[in-house]
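Engineer: Sequence:
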Amino acid sequence: MAEQTEDIVGLVESVVRPLVEFPDDLEITSSDAEDGSILVEVRVNEEDAGKVIGRQGRVIKAIRTLARAAASRTNTHVEVELLD
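When we follow the numbering used here, the leftmost residue of the sequence shown carries the number 18, and every step to the right adds one.
Take these hints with a grain of salt, some might be off.
Ranges between beta-carbon positions, derived for each pair [unchecked claim]:
no.: 1; residue 1: Arg72; residue 2: Glu20; range: 13 to 21 Å
no.: 2; residue 1: Asp52; residue 2: Arg90; range: 29 to 37 Å
no.: 3; residue 1: Ser31; residue 2: Ile70; range: 23 to 31 Å
no.: 4; residue 1: Glu20; residue 2: Asp52; range: 16 to 24 Å
Cut-off 20 Å, straight-line C-alpha distance, at most; resulting in silico cross-link-like pairs (EDC-like, lysine to aspartate or glutamate) [unchecked claim]:
no.: 5; residue 1: Lys78; residue 2: Asp41
no.: 6; residue 1: Lys68; residue 2: Asp24
no.: 7; residue 1: Lys78; residue 2: Asp101
no.: 8; residue 1: Lys68; residue 2: Glu98
no.: 9; residue 1: Lys78; residue 2: Glu63
no.: 10; residue 1: Lys78; residue 2: Glu98
no.: 11; residue 1: Lys78; residue 2: Glu30
no.: 12; residue 1: Lys78; residue 2: Glu96
no.: 13; residue 1: Lys68; residue 2: Glu44
no.: 14; residue 1: Lys68; residue 2: Glu58
no.: 15; residue 1: Lys78; residue 2: Asp24
no.: 16; residue 1: Lys68; residue 2: Asp41
no.: 17; residue 1: Lys78; residue 2: Glu58
no.: 18; residue 1: Lys78; residue 2: Glu44
no.: 19; residue 1: Lys68; residue 2: Asp42
no.: 20; residue 1: Lys68; residue 2: Asp101
no.: 21; residue 1: Lys78; residue 2: Asp65
These are computed hints drawn from the structure, not numbers from a lab.
Even glycine gets a Cβ: it sits at the ideal position worked out from N, Cα and C.
Working from the sequences, and respecting the hints, build out all of it.
Structural biologist: Quick look at the structure:
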């Protein structure tokens, strides 16, 4: 399970890092829930939040879709949250 979590965090990081203007402020953490799901939390500089969210939330929705698709290979549920 830990290896899959690292893979999903790496996937999210590889998508988000090129989008942000302040990559040093990027923090991605993950935690495993009791039900086996994975929560990935993304923190960015407040100036970069709009870039990660995208117009009408399209970029963050696409990131969530990619993470869920990667986790679906092992029937795991993933949530990606952008924190303020």
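Engineer: With reference to the structure, classify each hint as holding or not holding.
Structural biologist: Going down the list of hints, with the structure as the test:
no.: 1; hint: Arg72 / Glu20: 13 to 21 Å; verdict: 35 Å, violated
no.: 2; hint: Asp52 / Arg90: 29 to 37 Å; verdict: 18 Å, violated
no.: 3; hint: Ser31 / Ile70: 23 to 31 Å; verdict: 18 Å, violated
no.: 4; hint: Glu20 / Asp52: 16 to 24 Å; verdict: 19 Å, holds
no.: 5; hint: Lys78 / Asp41; verdict: 23 Å, violated
no.: 6; hint: Lys68 / Asp24; verdict: 23 Å, violated
no.: 7; hint: Lys78 / Asp101; verdict: 17 Å, holds
no.: 8; hint: Lys68 / Glu98; verdict: 14 Å, holds
no.: 9; hint: Lys78 / Glu63; verdict: 19 Å, holds
no.: 10; hint: Lys78 / Glu98; verdict: 10 Å, holds
no.: 11; hint: Lys78 / Glu30; verdict: 15 Å, holds
no.: 12; hint: Lys78 / Glu96; verdict: 11 Å, holds
no.: 13; hint: Lys68 / Glu44; verdict: 15 Å, holds
no.: 14; hint: Lys68 / Glu58; verdict: 16 Å, holds
no.: 15; hint: Lys78 / Asp24; verdict: 19 Å, holds
no.: 16; hint: Lys68 / Asp41; verdict: 16 Å, holds
no.: 17; hint: Lys78 / Glu58; verdict: 14 Å, holds
no.: 18; hint: Lys78 / Glu44; verdict: 19 Å, holds
no.: 19; hint: Lys68 / Asp42; verdict: 14 Å, holds
no.: 20; hint: Lys68 / Asp101; verdict: 13 Å, holds
no.: 21; hint: Lys78 / Asp65; verdict: 16 Å, holds
Hint compliance for this structure: hints 1, 2, 3, 5 and 6 are not met, and every other hint is.
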